[in-house]
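Here is what each chain is made of, one letter per residue.
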Amino acid sequence: MNIYGWGLPVAASTYAQKIDFGIWLIHAAMIAIFVLWGIFFTYLLVKYRKRDGVPAVRDDHDETPAKISVPDSFSKFPFAQILYKHQGELKSLAPDLIVMLFEVGLIVFYAVPVWSRIKMQMPDKKDAVEIRVEAEQFGWNVRYPGPDGKFGRTKPELVHFSNPIGLDRTDPASADDVVVGNELRLPLGKPALIELTSKDVIHDFFVPEFRIKQDIVPGMEIPLWIQPTRVGHYELACAQLCGFGHSLMRGDVYVQSPADFSAWLKSRAAAAPAAPKPVKPSEDF
Amino acid sequence: MITTAMDNPDTHSGVSNAKLGVWLFLCSEIMLFATLFTSYIVLRTGASSWPWGWDALNVPLGTLNTAILISSSVTIVMAYARAYDKDVKGFRLWMGLTLLLSFAFLVVKGFEYHGEFAKGIWPSTSLFYACYFTLTGLHGIHILGGIVVNSSLLYMSFKKEHWDNPLFLGRVEGAGLYWHFVDIVWIFLFPALYLL
Amino acid sequence: MSGDSNGHGAHEPSFWRKYVFSVDHKVIGLQYMMTAMSFLMVGFALMLLMRWQLAWPGAPIPFFGRLFPPDLAPNGVMSGEFYNSLGAMHGTIMVFLGVVPLAVGAYGNYLLPLQIGAPDMAFPRLNMASYWLFLGGGLLMLSSFMMPGGAAQSGWTSYPPLSIINPGQTVWLFSMVLIITSSLLGSINFLVTAMNMRAPGMSLWRLPVFCWAQMVTSVLLLLAFPPLEAAAFLQVMDRVFHTSFYMPKGLVVLGHVSTVSGGGQPLLWEHLFWFLAHPEVYVLVLPPMGIVAEIIANNTRKPLHGYKTIVVSMISIGVMSFLVWAHHMFISGMSPALSNFFLVTTMIISVPSVAILTCLIFSLKGGSIRFTTPMLYALAFLPLFGIGGLTGLPLGLTVTDIYLHDTYYVIGHFHFVVVTGSILALLGGTYHWFPKWFGRKMNDTLGKVHFWGSVVCMIGVFGPMFPMGLAGASRRLYDPTAQVHNLIVQPLNVVSTVFAYGLFLFQLPFIWNFFHSMFRGEKTEENPWHATTLEWACPSPPPHGNFDKTPRVHRGPYEYSAPGRKTDYWMQTDPA
Amino acid sequence: MPDKTAAAPHDAHRPNVRLFAAVFGALLCLTLLTVAVSRLRLERPEAITVGLLIALIKGGLVAAVFMHLWGENTLVHRVLYTVAFFAAFLMTLPILDGHYFVHLLTNPAPVAAQHPDEGH
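Going line by line, the protein sequences match chains F, X, P and R.
Note that my numbering gives residue 200 to position 200 of the first sequence, counting from 1, and the numbers run on in steps of one.
Note that my numbering gives residue 54 to position 54 of the second sequence, counting from 1, and the numbers run on in steps of one.
Note that my numbering gives residue 349 to position 349 of the third sequence, counting from 1, and the numbers run on in steps of one.
Note that my numbering gives residue 100 to position 100 of the fourth sequence, counting from 1, and the numbers run on in steps of one.
Don't take each hint at face value.
Below 25 Å or equal to it, Euclidean Cα-Cα: the simulated DSS-like pairs (lysine-lysine) are [unchecked claim]:
1) F:Lys47 x P:Lys448
2) P:Lys441 x F:Lys50
3) F:Lys155 x P:Lys249
4) P:Lys308 x F:Lys91
5) X:Lys119 x P:Lys249
Since the hints were derived computationally from the structure, they do not count as laboratory data.
These numbers were taken from a predicted model, which means no experiment stands behind them.
Could you put together the complete structure from these sequences and hints?
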C-alpha cells in the first residue's frame, strides 16, 4: 500500500482518523453548499438577464421595513407583522442559520472534544515512551532517556558538533541517554510523549501520516503525544519557515513493533559513550 | 464651510474636524501604548526575576519628572484658557512655560539616562532595562513631538491672522489634548517602571 | 482643512502643485492607484521567479537568471536565501503596498468624498502626507533588495527569533513603520471626512455600501495597526540594541551561544502581529465587497437586497475581526484552552460574511442584468470569493487546522480570497469608474479578454493548491522535492506555474487598455452607467472642488427602477 | 449636539481655572502618595493594586478635567468606549496566554488521561 497518494496520506496514528473525518465531512459540506449555491446563481443569471422590454422588478422587501404594508390578516398578531416586515432581512439570514447550525454542531461535538483530546490530555509518563526532540537549523535531535528512564542535564555552552544538544556527560542521568539525529523511532501501539524544544528559531514538528503538527518555540517546552497504529517508514518535516535550509530540514520516522523498538534502543544505549569527554567551548566550532 | 456643516446636525457629528481628528489619533495612540503595556506585563510575568524600581532606577528623579509633567499639563490648559479669552500675552506666557517644562523633563530624563549609562547599564543589560529604555524612550519621542506642535502654536500666536482664524482655538485645544495624553501615559509608566 | 477644501476661482496651479504635490483627493487617489498597481506588478514579478523555482527546483532561471548577483542566484539558480526574501517581499508588497493602498488609498480617496458629496477630504494636506509616507515606505522596502544583507527573508510574518537573526529585517521594519504611519493618517482623514463632511441630506443610512466599507476599514486600520507599530519598535530594539523582547535565554544559533540577556517570548510577537494581520485581511476584503455591491446594484437595475443587513454585517465583521486573530496560532504553542475561544469567535465571524454574500446574490433576483465588463468581475467575485470563504472553514476549525496549517491549502485559501476576491473586484472597479476618472471608457473587448483570461488563469494557479495542501505539502519550501511526501503532488506545482505565466500574459491587454483609453478611449458623458450615487452627479473627470454647488441628497443610494418613473434610475440628487 | 449658543466660534469648552488649580494640587498629592506607598514595600500584588488604583485616579482626573471629557460630546465618549473594548481584548488575551507560558515553565508534567488510546 502506498503511503502517499492523491488526497490525504495514509493514517498512522490514533487521532489521524478523527482528523480525517473532520476534513472529509467539511469538504462534503463545502462542496454541497457550493454546488447548490452555484445552481441557484446560474439560474438567477439566466432568468434575470437583460431582455428588451422586460424591466427589473423591485422586490417589496428591498424597501425599508417601515414602508412595507402588511396584509390585513396579520393585524391581530403584532409579532407576525414584524416578521412580515423584515422578511427581506430574514430571507438573507436563512442560509446563515443553516451554516451556523452546522458550525455549532462541529464545535460542540467535534472540534472541542477532539482538540482537547489531542492537545490537552497527555498520556501518563508511566505508560508512555518519553522522548525529547530538539530542533535546530536545520535538523532534528531526538533523545531517549535510556534504561534509567531519566533525561540528563544539558547546557548550551556544551553544544558541539559531536554533542548537538549540549548533553552534560558528567551528570549520571545523562550517561545512558540515546541521542540520534534526524531519526525518530516509535513502538507500535504505545503512546509516545514528546517534549519539543528548539535551539535557535521557531520550527514545526510535522508528520503528515500522524496528522500532527506543532510549532516548536525556543524558550518553551511544548508537550505532544502520538500513538502510532501502523508499522512503517514516514517523514518528519519542518513546517515553519526556519531559514535558508528550511526545506532540507527533514527526518525519518520509523514505527516498529515494540520488540524491534526495544532491541534498537538497547543497541543504541550500549553504543552511547560512557565516560565524559572533554568538550571545547563552542566559539572554536 | 465648517460652520455651515455644523448647522446640519444630520450630516455633521457635532465635533469639529480638528478635535475629532485629534481624538481619533489619540485612539491609535491608546492602542499603541496598550500594546506596550501588554508586552511589559507578559514579559514581566514570564520572567524568573524582576528588580524593584527603587533598586534599579533613580526614583527621586522620576518623581521630579512626574511633577514637571503634571505641571506642564496645567500650564497648557491655562494657555488654552487664555486663548479662549483671546488674551494674547497670557497665552504666550503659559505656552512658553509649558515648553520650558517639557524641555526640563527631557533634561532630567537625560541625567537619568546618563546615570545609567555611567553604571554600564544599557538596554541590552536585562529585560527590565530593555522595557525601561524602550518605554521611556518612546514616551520621550512623544514629548519631542509635543514640543514641535506647541512651539509652532507659540510661533503662530505672534501673528494676528491666526488669532482672527476661528480654527486657532481648536488647534490649541487639540495640542492640549495630545499633551495631556502624553501626561497620562507617564502617569502609568512611572509606577509601572519605578515603583512596583 | 481651512482654505484648501475650496478651490473655486483659484488661479491655475503649477504643474507640480497640480499633479505631483497635489492636495486634491482625486489626484492623490490616482497617485495611489498608479503606485499601488506598480507595486502589484512588482509583487507579481517576484512570485513569477518563485514559481519557476517551485516548479523546476534547481533549474537555472531562464533569461533573467544571469542578471542576479552570484550570491543571490549562483549560475542563475536561485539560492535558498533569495527564495526566502522573494517570499517575504511578495507577501509584504502585495498586502501592504499593493492591495491595501489600491483598495483604500486609491478607491477610498477618489470615491469617498465624491460619494458623500464633499468638496475634498477633511484634511487635504494630511492626505498628501499619507501618500508621500506610503511612497517613501514602499521605495525603502524595494531598495532593501539592493542593501547589504539583502531584503527581509523571514516571511511577511517576520516571526522572531528568525527575523532577529536573519539579515535584512531592519529595513523592512523601518519601512513598515512609515507605511503604518501613512495608513493611520489616512484612516483618521477618512473617518473625519465621513463623519463631518457629508452633503446635506446624506444621512448615514443613505450612504452607499462602498462608503460604509471604507469607514469600517478605516476603523480597522486605525486600531489594528498601532499594535504592529509597537511590536515593530520592539523588534527594532532587539535587532539594533540587542535587547531580548522576543529572544529567550540560552539560544545556540548554528553552534554559537547567543549572548543576549534573554527572557523574551517569541509568541508575544505572534500575538501582536496577528492582532494587526487578521483585521488586515478584512481591510483587504471589505472595500472590494463595497465595490462589488455598487457594481451589482448598478447592473441589475434594482436596489440591493438587504442594504441594512449588508451594512450591519460589515460593522459586525469589523468588530469581530479584532477577536479572532489567534486562529492563525492554533498550533503555535499558544494555550490550547485559549484556542477554543478563538475557535468560537472564528465561527461567529463567518456568519456576517455569509450574510453579505447571500444579500449580494439575492440582489440578482428580479433584476435586468447587464453583462457589462465591470459586472462580469463583480459576478465572478461571488463564487470565487465563496470558494475562498468556504475553504477557510477547515482552517478555522482547530482540529482540522492541525493538519492543514501552513500547507498549500492555506495558500490556496487566502489567494482565492485576496486574488479572485479582492483583486478581481478592484479590477472590476477600474472598468466601472474609469469613465469618471478620465472622462473616457475602456475598451470592452479587451476588457472581456482580460477578464476571461485572468479568471481561468487564477483558478489554474490557485486551484491545484488545495490537493497539494491535502497531500501535506508545506508552504515556504525552497525545494519542495526535498521532502518525500511532496513528490506525488509536484506536477501540480508545474500546472500552477504555467498558469501563473499565463496570468501575467493576460495582464498585458489590461495595461495597454488602461493607458490607451486614458488618452484615446471613447469619450463619455457624466453618467454613462446610469447610476444613482453622487459621484455620477458631477463632471467626468470632476474639477477641483468636485461639485459646482453643494449637492442636496433626497433619497437612498440605490433607487433603481422606481415605479412610476420614466428612467430606470433615480439619482440621489434628483429633487423629485 | 453642539452648543450653538456658546460664545466661542465652535465646540470649545469654557475653561474653569479654579478647577484646574484644584486638580493640579490633587495630582501632586497623589504622586507623593504613590511614591510613599511604594516605599512601604508591600507585597507585589497589593503594591500593584494600590499603584494602579492611584494611577487610574490621576489619569482619570487629567482626562476628565484637562481633556474636558466631562461634558464632552457623546460621540467622543462612544469612540473611546469602542477603543476601550478592543484594547481590553488586546491586553487580556495575550496576558492570559502569558500565564500558560508560565504554567508550562513551572509544571512541565502534562495532564494524565485515559491512555493508551482506545480506538484503532
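query: Which of the numbered hints above does this structure break?
result: none
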